[in-house]
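Number of protein chains: 2
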Amino acid sequence: MSSPAFATRSDILRIAQVAPLSESVPPKLYGGTERVVATLTDELVRQGHDVTLFASGDSRTMATLVAPVPRALRLAKCADPLALHLLLIEQIAQRADEFDVIHFHTAPLHFSIARRLQVPHVTTLHGRLDLPEVLTLYSEFTDLPLISVSDAQRDPLPLQNWIGTVHHGLPNRELQFRAAAGQYLAFLGRISPEKRVDRAIDIAKACGCPLKIAAKVDPVDQVYFERQIQPLLDHPLIEYLGEIGESEKGAFLGGATALLFPIDWPEPFGLVMIESLACGTPVVAIRGGSVPEILDHGVTGFVCDEVDEAIEATTRVHTLDRRACRRAFERRFTATRMAEEYIHLYRRLAADAVFADSLHAR
Amino acid sequence: MSSPAFATRSDILRIAQVAPLSESVPPKLYGGTERVVATLTDELVRQGHDVTLFASGDSRTMATLVAPVPRALRLAKCADPLALHLLLIEQIAQRADEFDVIHFHTAPLHFSIARRLQVPHVTTLHGRLDLPEVLTLYSEFTDLPLISVSDAQRDPLPLQNWIGTVHHGLPNRELQFRAAAGQYLAFLGRISPEKRVDRAIDIAKACGCPLKIAAKVDPVDQVYFERQIQPLLDHPLIEYLGEIGESEKGAFLGGATALLFPIDWPEPFGLVMIESLACGTPVVAIRGGSVPEILDHGVTGFVCDEVDEAIEATTRVHTLDRRACRRAFERRFTATRMAEEYIHLYRRLAADAVFADSLHAR
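Chains as they are written, first to last, in this note's numbering: chain A, 9 to 370; chain B, 9 to 370.
Calculated from the structure, these hints are not laboratory results.
Please note: incorrect hints may appear among the correct ones.
The list treats identical chains as one, so a pair stands whether inside a single copy or across any two.
Said to hold, decoys possible - Lysine to aspartate or glutamate pairs mimicking EDC-like chemistry, simulated, CA-CA at most 20 Å apart:
| # | residue 1 | residue 2 |
| --- | --- | --- |
| 1 | 85 | 138 |
| 2 | 220 | 141 |
| 3 | 257 | 360 |
| 4 | 213 | 256 |
| 5 | 36 | 313 |
| 6 | 224 | 313 |
| 7 | 85 | 314 |
| 8 | 85 | 182 |
| 9 | 213 | 365 |
| 10 | 224 | 314 |
| 11 | 36 | 254 |
| 12 | 85 | 159 |
| 13 | 85 | 210 |
| 14 | 85 | 272 |
| 15 | 36 | 234 |
| 16 | 224 | 317 |
| 17 | 220 | 206 |
| 18 | 36 | 19 |
| 19 | 85 | 349 |
| 20 | 36 | 98 |
| 21 | 85 | 141 |
| 22 | 220 | 148 |
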């Protein structure tokens, strides 16, 4: 049932992608949701569909851009982001009948409006779902079609109308494969309690292996960074690089023996794992959320239950075949595969809507 | 066209009041919006209407209470207030057809949903409206029926569908009239840059008159308080009482020569001014927002353009007739008057809806 790589005229879907306005699409710096929306949107266009992207005006896209605001809100230091997201939802609601399907990435702001649309729609959830207010709100919306980014993400909300899990994907050629392993361990992302860079430091020290840390510190995590992490950085094996740009990621990840991903929270997806695999670099991770779905234990990395196990795994991670990591990426985590899975779901939603209409008309 | 004090059977309106969930209705401590909703709701019930109040479960009301959450969110330290306000909007949307009119106090969260309701509705705006994101959002909703709490509040948004201004009111007997003026000046409310307690201190010192300050400090204003205000409090004429409860307000305001209200922002309404008038205490204010609408210059207080003028006014404020202040309150700012004005607007909205339906049916 997968759709062809290039749609024929009658197959073309008119698709709206509705992104948050916090970051541009793709983001200038950090911003997982907006990066995935950018990749998906361009790939849908490449596969021949008629795509309209609702996003901030500084976005770059192959689709038709509709911009409720000229600039992404976080870097513009907007004082009232909620007001402008409400404007976004109103604008897509007004234009809903121009599309065969509307794909929202703005949960839960659009839920009440989406439920009342006559047009097929679906929402991808990008965040963690195990917070009490989330459970209360979602129990009101068990009919709303949802897509999870990992099966594990659904655990706190088993009763929602899940219509599929679609793992994220990356453009095929964005990150280059590197056949030769480097001589250091890598940590990439955010410094925050749930990402546990302190564990990565412990693992590197126990293995006697250099660790390079490329990570941003959000304002909310500044005190944590200064009190808990900074004292650990003053060690000959540890090198802290600060935040790095997209263009530096390939060399940083590709040059590493392994990526350390010793998280301590229900990770919804974990884009950095598939970025690492794209470079051929295996991942030593601690179990949590999506991790066991993304990694093939013993093939593309090791899924460990505790730090001691991760230390032991790190000492032998160089024995894994880097080509197997790249192959896993190409098979499971490309933008093409992601877009095809979404198109499959869009067609199902559109067909269901036609069927429901025909019942109604009788 | 004003409605009777007690409705006959055919006059009874089924009214929904939709309050924010941040504070209970009425609020345990500070919370102007929730206090006005409480007063209005109980008065509508007293006037014979069938009222349903959507508010937190710890609210106390004569109406039927529908509570999406058991406790008000601010004091319960809720981590995701937005999620629960979205739940509130969904719940009222589902029950919309049970009412003749829905009165929202939750702007702008409900705008997109309200616009699509088949039931007459109106929104009272309680806050300032001169921020850039507000202008952007509201320009999308120029059809939505709105009520301002002062004419001045509308200034930044002249093109909205304003159907009326309704000044706030207080229960007739909540605050007792005191015929004898006290020997001190009063400042009551919040300590924040726009309320300018520093000006009140300057005025009191210049007049050689004692000033009692009863005010809370929000977390966001803590640094301002410590750096800018605390050093000014160490003076024999100045007494800082902290936050006081509702039950202490009457004695505090009634015992004063005058209330100082030397604001420096577009005040949407300023409840404390009418609380002061209810006690018979005149107000020395600096012009801004609603101030000239609420005070009768030279009768219930003085509306001044700068601090020097306010100092001069304070020296002769004892010459104003305290009975005239109370009379102005009884004539213009009671709960009864507020509820009657709202009922008049509700009936107009309901009649317009019937007329629109009849046009549609032809």
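Comparing the hints with the structure gives:
no.	hint	result
1	85 to 138	between (29 Å within a copy, 18 Å between copies)
2	220 to 141	neither (37 Å within a copy, 41 Å between copies)
3	257 to 360	neither (42 Å within a copy, 61 Å between copies)
4	213 to 256	neither (25 Å within a copy, 63 Å between copies)
5	36 to 313	neither (35 Å within a copy, 47 Å between copies)
6	224 to 313	neither (26 Å within a copy, 49 Å between copies)
7	85 to 314	neither (40 Å within a copy, 33 Å between copies)
8	85 to 182	neither (30 Å within a copy, 44 Å between copies)
9	213 to 365	neither (63 Å within a copy, 75 Å between copies)
10	224 to 314	neither (25 Å within a copy, 48 Å between copies)
11	36 to 254	within (9 Å within a copy, 50 Å between copies)
12	85 to 159	neither (35 Å within a copy, 31 Å between copies)
13	85 to 210	neither (36 Å within a copy, 35 Å between copies)
14	85 to 272	neither (30 Å within a copy, 24 Å between copies)
15	36 to 234	neither (25 Å within a copy, 38 Å between copies)
16	224 to 317	neither (27 Å within a copy, 53 Å between copies)
17	220 to 206	within (13 Å within a copy, 52 Å between copies)
18	36 to 19	neither (34 Å within a copy, 59 Å between copies)
19	85 to 349	neither (36 Å within a copy, 41 Å between copies)
20	36 to 98	neither (26 Å within a copy, 35 Å between copies)
21	85 to 141	between (26 Å within a copy, 12 Å between copies)
22	220 to 148	neither (45 Å within a copy, 49 Å between copies)
In summary, the numbered hints that this structure violates are 2, 3, 4, 5, 6, 7, 8, 9, 10, 12, 13, 14, 15, 16, 18, 19, 20 and 22.
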